[in-house]
Amino acid sequence: MTLTKRFIKNTINLLKWSLVIGVLAYFLVGNRDFQRVADLLPQIKVAAAENDIAPYLLAGLVFAESRGHADALSSVNAGGYCQLLPSTAAEVAGKMKIDGPPYSPADNLRMGGFYLAQMIDRWDGDVTLGLLSYRLGAARVSRNINEFGSVELYLGSMRGKSKTPLSYVEQILDYQQRFAKYDQTR
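In our numbering, the protein residues as written are 1 to 186.
Because the hints were derived from the structure by calculation, they are not lab data.
Just so you know, even glycine gets a beta-carbon here, dropped at the ideal spot from N, CA and C.
It is possible that part of the hints are untrue.
[Unchecked claim] Here are the simulated DSS-like pairs of lysine-lysine, each with C-alpha atoms no more than 25 Å apart in a straight line:
{"no.": "1", "residue 1": "LYS45", "residue 2": "LYS97"}
{"no.": "2", "residue 1": "LYS45", "residue 2": "LYS163"}
{"no.": "3", "residue 1": "LYS95", "residue 2": "LYS45"}
[What the hints assert, rightly or not] Pair by pair, the computed Cβ-Cβ distance ranges are:
{"no.": "4", "residue 1": "GLY100", "residue 2": "GLU152", "range": "12 to 22 Å"}
{"no.": "5", "residue 1": "GLY156", "residue 2": "ARG32", "range": "32 to 42 Å"}
{"no.": "6", "residue 1": "SER104", "residue 2": "ASP183", "range": "21 to 31 Å"}
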């Protein structure tokens with residue numbers, strides 16, 4: 001076998017094994033993240049009931065935001081299960097009469113549920129716009145809708161593209177269904 005053929009064969013084998021390892025890692029880590037959030041379902045249900053929102057929607061948000069890590073901290077200093085910015089957390093904590101900072105993980109769930117409920121209520125129950133507002137801020141979503149001329153045009157501008165705020169919403173809605181199915185089968 002020539003050196004070139006051997007190189008190609010070895011490269012192909014390396015790529016195959018890299019793919020296998022990558023797929024296994026994705027499923028092992030992904031399942032661990034899912035289970036971490038699933039283990040929080042009792043707490044999530046309490047926070048959701050307190051704020052009159054769907055518990056599995058809040059579970060999907062926790063999955064998207066922190067993968068269930070209570071100590072998660074983003075590059076913009078958003079923290080906790082629900083990745084609340086310090087200013088948002090302080091505002092919500094004041095409205096809920098929660099002392100802090102620091103806030104407990106349970107308080108972060110309660111505050112995240114409260115804030116999500118506020119964002120959904122702002123849009124008359126529209127979960128998609130509520131989740132977009134949670135992610136981007138309500139003022140920015142309003143501004144974007146005005147720039148596009150309608151909600152439909154704004155949402156349409158993001159459809160079919162990857163890594164848009166709408167893909168964040170779709171991920172949460174997908175995981176909402178997964179957590180509901182998981183909880184019904186255990």
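In ascending order, which of the hints set out earlier in this document are inconsistent with the structure? 2, 4
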